[in-house]
Amino acid sequence: MDGQVVLQLLNGLVVGSSLALVASGLALLFGVLHVINFAQGDFFMLGAYAVWFLLRVTHNYVLSVVAGTLLVGIAGGLLLSLVVWPLLRRSQVWTLLATLGLSLIVEQVATNVLGGDAKLVDAPLAVPVSVGPVNYPLYFLVVVVVGLGVLLAGSFALKYTKYGIWLRAVAQNRPMAAALGVPVPRVFVLAFVVCAGLAALAGGLLVPLTAVYPTVGADVILYAFIVVVAGGMGNLRGAALIAILVGEVQSLGSLVAKPSVVTIALFALVIVILMVRARQQKVVVRL
Amino acid sequence: MLELRDLHAYYGASHVVQGIDLSVGPGEAVGLMGRNGVGKTTTLKAIMGLEARTRGQILFDGADVAGLPSHVRAGRGLGYVPEERAVFPQMTVEENVRIGALIHRPRDVRGCLDAAYELFPILAERRGQLAGTLSGGQQKMLSLARGLALRPKLLLVDEPTEGLMPANVALIGAALARATQLGVAVLVVDASFDLVAETCSRLYAMDRGVLTGMFRPGEFSGPDELAARYLGAVGA
Numbered sequence: 001m002d003g004q005v006v007l008q009l010l011n012g013l014v015v016g017s018s019l020a021l022v023a024s025g026l027a028l029l030f031g032v033l034h035v036i037n038f039a040q041g042d043f044f045m046l047g048a049y050a051v052w053f054l055l056r057v058t059h060n061y062v063l064s065v066v067a068g069t070l071l072v073g074i075a076g077g078l079l080l081s082l083v084v085w086p087l088l089r090r091s092q093v094w095t096l097l098a099t100l101g102l103s104l105i106v107e108q109v110a111t112n113v114l115g116g117d118a119k120l121v122d123a124p125l126a127v128p129v130s131v132g133p134v135n136y137p138l139y140f141l142v143v144v145v146v147g148l149g150v151l152l153a154g155s156f157a158l159k160y161t162k163y164g165i166w167l168r169a170v171a172q173n174r175p176m177a178a179a180l181g182v183p184v185p186r187v188f189v190l191a192f193v194v195c196a197g198l199a200a201l202a203g204g205l206l207v208p209l210t211a212v213y214p215t216v217g218a219d220v221i222l223y224a225f226i227v228v229v230a231g232g233m234g235n236l237r238g239a240a241l242i243a244i245l246v247g248e249v250q251s252l253g254s255l256v257a258k259p260s261v262v263t264i265a266l267f268a269l270v271i272v273i274l275m276v277r278a279r280q281q282k283v284v285v286r287l
Numbered sequence: 001m002l003e004l005r006d007l008h009a010y011y012g013a014s015h016v017v018q019g020i021d022l023s024v025g026p027g028e029a030v031g032l033m034g035r036n037g038v039g040k041t042t043t044l045k046a047i048m049g050l051e052a053r054t055r056g057q058i059l060f061d062g063a064d065v066a067g068l069p070s071h072v073r074a075g076r077g078l079g080y081v082p083e084e085r086a087v088f089p090q091m092t093v094e095e096n097v098r099i100g101a102l103i104h105r106p107r108d109v110r111g112c113l114d115a116a117y118e119l120f121p122i123l124a125e126r127r128g129q130l131a132g133t134l135s136g137g138q139q140k141m142l143s144l145a146r147g148l149a150l151r152p153k154l155l156l157v158d159e160p161t162e163g164l165m166p167a168n169v170a171l172i173g174a175a176l177a178r179a180t181q182l183g184v185a186v187l188v189v190d191a192s193f194d195l196v197a198e199t200c201s202r203l204y205a206m207d208r209g210v211l212t213g214m215f216r217p218g219e220f221s222g223p224d225e226l227a228a229r230y231l232g233a234v235g236a
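Protein chains in written order, with the numbering used here: chain P, 1 to 287; chain B, 1 to 236.
Take these hints with a grain of salt, some might be off.
[Stated by the list, open to error] Below, a list of computed lysine-lysine pairs in the DSBU-like style, where the Cα atoms sit at most 30 Å apart:
#1 Lys258(P) to Lys153(B)
#2 Lys153(B) to Lys162(P)
#3 Lys258(P) to Lys119(P)
[Stated by the list, open to error] Derived list of chain P stretches under chain B, where covered just means 3 residues or more per stretch with a C-beta under 8 Å from a C-beta of chain B:
#4 161-175
#5 222-229
Please keep in mind that the hints were generated in silico from the structure rather than gathered at the bench. Remember, predicted model here, so these are calculated numbers, not experimental data. Glycine residues also receive a C-beta, built at the ideal position from the N, C-alpha and C atoms.
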């Protein structure tokens, strides 16, 4: 296989697996609470800033990513709870506007506090490894493995753990789940934290590739929404698969066309997927 | 165990349950009978804290649980089996049964599941099947098994035999009888006179949001006599 094709395939996997993390969080939150979270891109941005900052303190990349994910996941989850919870009984438009407002505030605060310039982070594990005809940075292969590993672990947790089963039960029938003793408020908070944490993890993993600046989440959120809508709202497996597909289309498409043409083709592809899925749209958290 | 004192329940402006007093003792099975639309289902939902707005006292184990969220009531030992099947269709039979059992300590969960499967062996055979693909009768069984897996002190059961074949009605009746043998109190709403007569020690009659009488099953020879005396012209 041509070296360029292999290279772009690998790039697509890196982008796709990270996008899958962000989109899975969105899909989970929509499945459980029917909330469309416009602040998801900002948790990606905060996760990246957290790694940039913690790296300067700890000089340990793994520790920075883990701690950054936990910090942003918990803080972001609580922030979402604070903003969204009082509006849960109202129309979806209220929660959508509330998360949009939260997104604008977080971006502005980040700009005021950290400045608008891009902060760079060097990739750890800068050793190239041979993948077929190309040498590829080891770190980005690790990003793919970690991203897909976390998604697999999440899928396992949804299937077999207490809170995973409860998350799916609440997504399917909230009053009945409550009548069976499922602590619905606790499940909501968990969904908020996991949603924010997945975006923060993606931001932390990708920061050596993207750098970090206050609007770094804007592109991510656009593609994440495309992925979630095309994969089926609330459908985690669908979101993960579509995310990989989007990553690959973007990367491989750049070999034959300008980025703007690739983006148009991507939107066309999503429209086709939506048309195929239109007859079976039903919101449940699927594995 | 359960005592309702002047319980009222509303759906919007509709005053559906209009001040009822009712009690269920420990391990006792009690029936609530009446025509469609008189407030039986709303009474059960009000006890469980679902949907209806309520006024009055709902004393359970001596404490007033009115105003508490449903999951807290379930945690205190109230179980609920709804009229509609309300299984979680995209989850397997086992996952459905586990939902309630999981509020207990991990080492007790298996026992909760086994007890539920013992009552309905067909569910054990189909534990890996998606609940939404079960037949209507099996979904009713699953709904009851799931309620029992919670290990409630009192199980509220709404129309468990509606639309079921006679063989399945007998299975449901046997399961309710077994539950009471194990010490679970039951408050059951059912149109089947035979089921409530066999299962319950006391029956309440309800009409237009109020209780019209309390009696024992042996006082009546059949549903027609019961209906004529307590439930108006239409049979129970």
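Hint by hint, here is what the structure shows:
1. Lys258(P) to Lys153(B): violated (67 Å)
2. Lys153(B) to Lys162(P): holds (22 Å)
3. Lys258(P) to Lys119(P): holds (27 Å)
4. 161-175: Check passed, 8 qualifying residues.
5. 222-229: The restraint on the segment 222-229 of chain P is violated, since only 0 of its residues have a Cβ under 8 Å from chain B and three are required.
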